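Chemist: Protein chains in written order, with the numbering used here: chain A, 34 to 667; chain B, 34 to 667.
If you're looking for bench data, these hints aren't it; they were derived computationally from the structure. Honestly, I wouldn't trust all of these hints.
[What the hints assert, rightly or not] Okay, derived cross-link-like pairs now, DSSO-like style, lysine-lysine, Cα gap no bigger than 30 Å in a straight line:
id	chain 1	residue 1	chain 2	residue 2
1	A	K632	B	K205
2	A	K293	B	K265
3	A	K632	B	K217
4	A	K293	A	K263
Since this is a predicted model, take the numbers as computed values, not measurements.
Spelled out from the first residue to the last, the chains are:
Protein chains: 2
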Amino acid sequence: MQNFKVSFYPDKKSVEVPQDTTILSAAIQAGLQINSACGGDGVCGKCRVLLRKGKALVQPTGTLSEIEKQKGFILSCTSAVQGDLEVEVPVESRLDFTRSGPRYFSSPEESEPAEALVSDEFFEYSPLTEKIYLELPRPTIEDNASDLERLYRQVRLCKNTPILQTSLYNLKQLGEMLRDADWKITVTLARRNDSLEVLFIEPGDLSRKNHGLAFDIGTTTISGELVDLKTKKILATKTAYNRQATFGSDVIARIIHAQKESGLEELHEALTDTMNEIIAELASEHNISLNEVTCVLCAGNTTMIHLLLSIDPTHIRKVPYIPTANSVPTIRATEADIHIHPRGLLACAPGVASYVGGDITSGILSSGLYKEDSLSILIDIGTNGEIALGNRDFIVSCAASAGPAFEGSGLTCGMRASGGAIQKVRIDPAGDRVDYDVIAGTPPVGICGSGYIDILAQMLKAGLIDRAGKISAGERRRIRHSELGKEFVLAFKEESLTAADIVINESDIDNLKRAKAAIYSATSVLARHMRVDLADIRKFFIAGGFGNYLDIENALFIGLLPDLSRERFVFIGNSSLAGAREMLLSAAARKQAEEIAGKVTYFELSTDAAYMDEYMAALFFPHTDLSRFPGVKF
Amino acid sequence: MQNFKVSFYPDKKSVEVPQDTTILSAAIQAGLQINSACGGDGVCGKCRVLLRKGKALVQPTGTLSEIEKQKGFILSCTSAVQGDLEVEVPVESRLDFTRSGPRYFSSPEESEPAEALVSDEFFEYSPLTEKIYLELPRPTIEDNASDLERLYRQVRLCKNTPILQTSLYNLKQLGEMLRDADWKITVTLARRNDSLEVLFIEPGDLSRKNHGLAFDIGTTTISGELVDLKTKKILATKTAYNRQATFGSDVIARIIHAQKESGLEELHEALTDTMNEIIAELASEHNISLNEVTCVLCAGNTTMIHLLLSIDPTHIRKVPYIPTANSVPTIRATEADIHIHPRGLLACAPGVASYVGGDITSGILSSGLYKEDSLSILIDIGTNGEIALGNRDFIVSCAASAGPAFEGSGLTCGMRASGGAIQKVRIDPAGDRVDYDVIAGTPPVGICGSGYIDILAQMLKAGLIDRAGKISAGERRRIRHSELGKEFVLAFKEESLTAADIVINESDIDNLKRAKAAIYSATSVLARHMRVDLADIRKFFIAGGFGNYLDIENALFIGLLPDLSRERFVFIGNSSLAGAREMLLSAAARKQAEEIAGKVTYFELSTDAAYMDEYMAALFFPHTDLSRFPGVKF
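With the sequences and hints as input, model every part of the structure.
Modeler: This is how it looks when you write it as structure tokens:
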């Protein structure tokens, strides 16, 4: 078969590929991160590129407008290389298009040094790994304990533990290490069940150089937090796109990809590459050697944890939806290709079921829902919306397939809550003037979840859309027809960074409506299933990847949240990451998470007869049954 | 540098080596096992070979007689290749010269199927690894536990254990394995501290196919016993020379070799090669796949265990004699290059100190000394003689550098207790007629330890040697002069397999005298140190590599054992191997061994002022102080 050269611009990267290779595949080989939310099925239209020169076999598609097609735009996933090509990848088709250099960002709030954690208030300090400095007494004829027993003896003076263990690796080095270090050493310890493991030993006093990372591993977004395990300070947080997005936008698409040849390896590599770059950048920015990072604690949904550990996720999506494991063993990070100290550990928050993962356990932990006397609900708004209802006595949870709309994916101008995203919106009653806040203060690139919530609420209040989500207002400066129904222009191309109008159209609104209906109806059905009146819920914890902002009033106005007094709602941001950090720092938190995971009952919505009716009824703003939303006035 | 070809006969093996390579080194490269008790220092004279053709640079040596030199014998360790050579390796210079083919043998008693173990009498059955067959209930929407939790749940129905763990390796296979096997699987479990580990999982019912090996790893001899872990039957035992003998005959020589470049690797490889061949042959003879062998339990002296695990033993021989570890962690056998099931385990009996190893702990366990009300002594007669004195309340132990004489090493015609060894001897009062028994019934090749004990006692009784060990009788048919003092001919060359006279000379007798003096005086000093009268010792357990025979009366007559009533002595053979087997089969035995190791106090003889005096006084047969041996009449 003939090979052709594909050159990508403006990156000026090129690869040689065989005829019939897709341009998307060529781009991945060239090291480019192209958005491909549908996993290469030609459906989402996110991966469009501009064919500048050369011959490609292009499939018909409805996701590109006629104008775009005329300009030379094609979908990279369904277009096959037939000759040497020159391809331009526009900024909006890239997985992270806010920067041309590094793929990661930290919002200013996140990168500033944070306060010392006050997790002591809840959990005692006993991090996953701990370094202690020891000066061992030299051996004599009278005190002739072996090197290992001498070490254990001294550890026992600091740590109350009957069982100590270590690996052959350490034993092989021990004799020389102790003598070279003149019996002054730093021991890195890890708790495992009821025993303490000597992970590794270093000469001298390095006890102050111990760091760990808490991770929230989401389907679309991964956040990592660097923690000084000695001082309990959060040094910084970084968020990055999960590079798996190239293989599909939701867990189902990923599981399907995992069944392809090399699919599991590709997904594992994409995930661990993302994590490793977060780790490397955080460490480098704080002048920390990777050898000083000794553990990682990951909270993620069940599919992500399977993929992190290269465990086949096939049965997660097959009836009766059984994962290989909800609670996975703590392993050496290197076993999962995570690059920290070669003997460092990787632990995962325990999950509950295939669609209620360690991220929700972690969220329940950090929200404190599990220890309240009164009833609370935790709603984690992600691609897979997870809902937990309970108190100190019981917790029941369910998962709603909300889709990635609130994470800005699958929408015309959607993007994640990162630099360039419109996150707050105000629209004047006439629908003419629009004010917005953009993350990182740049000109806008797209709209993130919290921005969409505001837009919907504001458009409803201004009468620009009706309760079914149709744009009811007549044409005007900001309202016009498009291929995907009417659209409303948030920002004209003169204002935007992409030199294209930033819009919301009726198709987007429909997507958002279905997402909010899924979450509202799941909450509602779960409460009814437990014979709980939503009015009896004292606290609603709202979690999710909305950055640092979510307008509760607007979320309620569109019917995403039930209409209850506003003070019951608490926006807790990334509760999964917060829980992971608590587990990183405390064995008691890890134990509590195990108890929570053991206590949570999973309620399978898809087999509940009432769910579909409830969902259909929720496909209005705020709901077909306005009596449920007495506080919402038009 | 020029290369030369060295050909070895009668093996017809040849190698190309650079000029100046020693012939010993060339032989090792050619795969020959040459005896080199001194480790290549040109001192022991065991490695002599016949130079048939070619040029070698030969160093002067006193270990070869003039006649031998004239015949063309040279020492392979100190002779350097200077041209193409033809070298004949005589049978007596080989590490195992009873067979030309396989390097191992089993005495007839050992290879017969043995009775089921009655270790139940002492310890409950709970082998190091256990296989159980499980039929898991299929998952449903209602019973949607994860694969791992489903497995654990079923294991918990059989095994009362709170903590279960497994490795990532098993998790990665679990989903497919369970479904392919239609939920019918065999789980191999291992006890680790207070938790139970799922080692591996196999489809179908293989619960009856579980085997383990007990090993006694001696400095010169290694014995392995194949045990059916399900039926508790010993299937067979095999003994082989420790191939490390090429690098020196005692642990000190080995430790010195370990400090040379690649020395530790060479010693580790020699040891594990020996063990792997024992395992492979035992398994093959019983039609057992190596994958059905799931664990190995090793009892050995501290140096051997270090070398088995590739741990640097340097400090064992340096004041204050500190090993890296006495109690080493249980590891995967493959980590020590032992070839059984790739996830099988290797555990070692815990030791006490540098010169009181896991072999003596194991011997104390199997002898039952630790649970007696009255005082007992265990004497393990090996290259490093180990002595333990105690009862249920205390145990104290010491080590005496006896040298390898009682293992037949370092003596003119000495050999181990294997096929061809004279093991029992009767000499008529006139010293003319000699009757002997040879192991395996062949013509004699050499003399083993129990043979030497008989010879010394019989020669003393016949007045052929005096109490200082000098051959006092005048010349006669069997007594003549030699380069190493007078010698006594046990078997003339017409009777022997090697076509050479089998003799004992005054140098040999001196060696044996020093060995027996070391053991007797150590026993005596240890008792005095503990203010115990030897007459108050109720039981003397005599252990060691004497094959199946030791004449207690003769051992006592020469002053190796104290002169007490004969019924107090119990010859228990290889007590280290017996203890290893008990530990293989029972967690309680393993726990008991840990307790024993923790309880035993080590008494360092070399720093005791009385020891040298006592040793000097013991350099007579039976002793300078005849009042200690009232039962010995000449």
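Chemist: If a hint holds in the structure, say so; if it does not, say that too.
Modeler: Right, here's what the structure says about each hint:
1. A distance of roughly 26 Å separates the Cα atoms of A/K632 and B/K205; the hinted pair therefore holds under the 30 Å criterion.
2. The hinted pair formed by A/K293 and B/K265 fails the criterion: a straight-line CA distance of about 47 Å is larger than 30 Å.
3. Among the hinted pairs, A/K632 with B/K217 is consistent with the structure: their alpha-carbon atoms are about 29 Å apart, no more than 30 Å.
4. Under the criterion of a C-alpha separation no larger than 30 Å, the hint pairing A/K293 with A/K263 is inconsistent with the structure, at around 44 Å.
In summary, the structure is inconsistent with hints 2, 4 from the numbered list given earlier, while agreeing with the others.
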